Amino acid sequence: MSRTIVGPFNRVEGDLEVALDIDDGRIRSAEVTTTLYRGYEQLLDGRVPLDALVIAPRVCGICSVSQSIAAAAALRELAGGRAADNGALATNIAHAAENVADHLTHFYLFFMPDFARAEYAGRRGFEATAKRFKAVTGEAARDVLPARRRLLEIMGVLAGKWPHSLAFQPGGTTRAVGMGERVQLLSLVAEFQTFLESALFGVALDRVLALESLAELDAFADGPGRASDFAAFLRLAADLRLDEVGRGPGPLMSFGAYHGADGPLFARGLRQGDEVASIDAAAIGEDVAYSWMREGAAHPFEAETVPVAQKPGAYSWAKAPRYRGQAVEVGAFARQAVDGHPLIVDLLRRDGGSSVRGRVVARLIEIAALTHALGGWLRALRLKDAFCRQLEIPPDGRASGLVEAARGALGHWLVARAGKIARYQIIAPTTWNFSPRDREGRPGPLEGALAGLEVGALGARAPVIQHVVRSFDPCMVCTAH
Amino acid sequence: MREQASAQARFSMLWLQAGSCGGCTMAAIEHGETGWFGELEAFGVDLAWHPSLSEETGEEALAILERIASGATPLDLLCVEGSILRGPDGSGLFNRFGGSGRTALDWLKRIAPRARYCVAVGSCAAFGGVPAGAPNPTDACGLQYDGAFPGGALGEDFRSRSGLPVINVAGCAPHPGWIMETIVALRMGDFAADDLDAIARPRFYAKTLAHHGCERNEYYEFKASAEKLSDLGCLMEHLGCKATQAVGDCNQRGWSGSGSCTHGGYPCIACTSPGFEATRSFLETPMVGGIPVNLPLDMPKAWFVALAALSKSATPKRVSRNARSDRVVQEPRRAGAPEA
Chain E
1 MSRTIVGPFN RVEGDLEVAL DIDDGRIRSA EVTTTLYRGY EQLLDGRVPL
51 DALVIAPRVC GICSVSQSIA AAAALRELAG GRAADNGALA TNIAHAAENV
101 ADHLTHFYLF FMPDFARAEY AGRRGFEATA KRFKAVTGEA ARDVLPARRR
151 LLEIMGVLAG KWPHSLAFQP GGTTRAVGMG ERVQLLSLVA EFQTFLESAL
201 FGVALDRVLA LESLAELDAF ADGPGRASDF AAFLRLAADL RLDEVGRGPG
251 PLMSFGAYHG ADGPLFARGL RQGDEVASID AAAIGEDVAY SWMREGAAHP
301 FEAETVPVAQ KPGAYSWAKA PRYRGQAVEV GAFARQAVDG HPLIVDLLRR
351 DGGSSVRGRV VARLIEIAAL THALGGWLRA LRLKDAFCRQ LEIPPDGRAS
401 GLVEAARGAL GHWLVARAGK IARYQIIAPT TWNFSPRDRE GRPGPLEGAL
451 AGLEVGALGA RAPVIQHVVR SFDPCMVCTA H
Chain C
482 MREQASAQAR FSMLWLQAGS CGGCTMAAIE HGETGWFGEL EAFGVDLAWH
532 PSLSEETGEE ALAILERIAS GATPLDLLCV EGSILRGPDG SGLFNRFGGS
582 GRTALDWLKR IAPRARYCVA VGSCAAFGGV PAGAPNPTDA CGLQYDGAFP
632 GGALGEDFRS RSGLPVINVA GCAPHPGWIM ETIVALRMGD FAADDLDAIA
682 RPRFYAKTLA HHGCERNEYY EFKASAEKLS DLGCLMEHLG CKATQAVGDC
732 NQRGWSGSGS CTHGGYPCIA CTSPGFEATR SFLETPMVGG IPVNLPLDMP
782 KAWFVALAAL SKSATPKRVS RNARSDRVVQ EPRRAGAPEA
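Protein sequence lines, in the order shown, are assigned to chains E and C. Going by this note's numbering, 49 is the number at position 49 of the first sequence; the sequence numbering is gapless. All you need for this note's numbering is the position in the second sequence, starting with 1, plus 481.
Derived from the structure by calculation, the hints contain no laboratory data. A portion of the hints provided could be inaccurate.
Stated by the list, open to error - Derived coverage of chain E by chain C (criterion: at least 3 residues anywhere in the stretch with Cβ under 8 Å from a Cβ of chain C; other residues may be distant):
no. : segment
1   : 30-39
2   : 57-70
3   : 122-136
4   : 155-164
5   : 318-331
If you're wondering where the values come from, they're calculated on a predicted model, not measured in any experiment. Glycine included, every Cβ here is placed at the ideal spot set by N, Cα and C.
Bound conformation, chain E alone (with noise of 0.2 Å):
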């Protein structure tokens, strides 16, 4: 047995380190260690709750719009009133803008470049993947980054700028959306289709969206889409058995998200296996048994964060949370399998869970199915109406806001005293994929997902190991905050 430590893990977010005890080219087990600390929850006590606003966005640079709107809940929770109906589709239009632009800098700046390593030299097809994913010089690098760009340009007419918007306000946001700008974003988001259709899926998203089963998925791979970039990872996929590797630990969440006045788009739940039940929030909780961190009560409404650089047996900045004391996986798979959508259902059940594959499609059919929800919220916007509305925020009280960034669930949950904030605690997506053990000894997902991973010859060297890390998309930043 050997010992490896390796890092910097990067092309995620932030950065990370895993320690891989390996035997005989098989991984025993896996400690993912969070090497950053910047203490949010520290700096948000004592301040007034709106303060939130300004300061909990700048926990990641990434998902910015998500913790906005994470705070903006618990703030609008805690005034106890709802958002003008405008504000809540501007407010979905950003955080899926975000989420999309999340997915796709995600699929082709992260995670396709490891395809075009030369480990992978020899292999069919080589030349033609790294041509177009090898990392800065490719050419997917080139034409993805003009095509982002333009898609954010919806955060300067409807949220002034990104990332690090005030405009998301508990009663909605801060600028009405006029005629002409409506169209604006409108042609913004058709812009943004045409480079779908052209190089992610080869074909109109409509038949993106209409994708049910494996069944269909092959098909088109094997056809209409054959020269897209979805088809190429497919194909990467099948030769290499990524639907075999990186299985979760089971129970997917969501806390749902893009919210209307039917509910939300996508729906709240965890799901095992094929039942889906509703989530009770009072039954997370964290836990520090392997955290630098000083032990305290579980949830967050209660818990402290008080770091502690010399502990025994402690390897991570992140805390370890647990649902009903299980480890939970979260992101894109997790959130449309609790939403049922077929495709990713039938992954689920073919796979006997979530995959390095699952994950993937996961996230490229959600970019197809928000990009398709942009028009209709832009649609519904009724101009002559208000965008925002004024909530008194008591001084005293209680709130949490649950709410889903591009990476999986994000709580802030939030105690306000004689018009302070007395406690603020987040669980951010990547605190949940990839926390550390806990008390009993349970890995994180992330830590289960890479034990008993095949590695071969090449050791803590296997492109494999890179493929399952990304797969789940992680942001440093936000995991220990």
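On the provided structure of chain E, position chain C as indicated by the hints.
Leaving out everything else, chain C in the frame of chain E:
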């Protein structure tokens, strides 16, 4: 331009993330009609390594950094994003650098002296930024500043090989253009010490106030103020806007296409200023006796009060009505013309 750049030797850039949110990288890759990678190439800038973008991982990445730290590979430009976390107790352990057994603080101290130029990308790397807010749990600071005071992780006397101090591309996050124009101006050899302001921000964007070019200018002139967020009026009197006190050409170029903070309907929080994170109640203007405590940067208080009183009394009805609405409810028309 292209020929001139390629005629010179290539220019190498290493990008490191310390106690960052990653937002400055997100801003950088928003830059350019043809994409940031293509733009760097057009100017002959090679990415020696970037944590979010480069292929090299683990030991390959460490080998690149080690060669730069030892001087074996020369480095033209070091860009650092994120606060430098010195805690706990000076150990830097709040920010370990994965796989290296070292901290980000340690890597910075080894690599910065090797760089011909050193750029702090964003207010965190420049001054400490949000993580340095009270109670500053990680002892965060900037590369060469601790808030407004020289010092920081590298110390007041630090100079990169060019003889320049750390260049502070302050902003949270900075405009993509501020980042890219600084990189390319350095590559072209344009920067001299007098192209930086008193706290080492590039003057090309720091020589004006964020307020200059604000689309709410008429409301400002007449002190026709927004009373709540989403109102069109000036955000200074009630809603905490610091655009008259913070540097930046924020309203002279578009953000994420056509935006800016005040265009988006919310106040400037002075994110280009050291210590901006110390503000309490960002969305309110602190007042004493009905007068804002913080007045436009170089305006005498008595004049401000007198002019404000005069302009308020002269405010057209159109301006005062629109100021308190989220859309234009009354259009301009010639004085004395009949009502529509």
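We went through each hint and held it up to the structure:
Counting residues of the segment 30-39 of chain E whose beta carbon lies closer than 8 Å to any beta carbon of chain C gives 6, which reaches the threshold of three, so the coverage claim holds. Counting residues of the segment 57-70 of chain E whose C-beta sits closer than 8 Å to any C-beta of chain C gives 6, which meets the bar of three, so the coverage hint holds. Residues of the segment 122-136 of chain E lying with their CB closer than 8 Å to a CB of chain C number 3, which satisfies the three-residue condition for coverage. Here's how the segment 155-164 of chain E fares: 10 of its residues keep a CB closer than 8 Å to some CB of chain C, so the rule of at least three is met and the hint holds.
For the segment 318-331 of chain E, the proposed coverage by chain C is not satisfied: 0 residues have a C-beta within less than 8 Å of a C-beta in that chain, short of the threshold of three.
Of the numbered hints listed earlier, the single one contradicted by the structure is hint 5.
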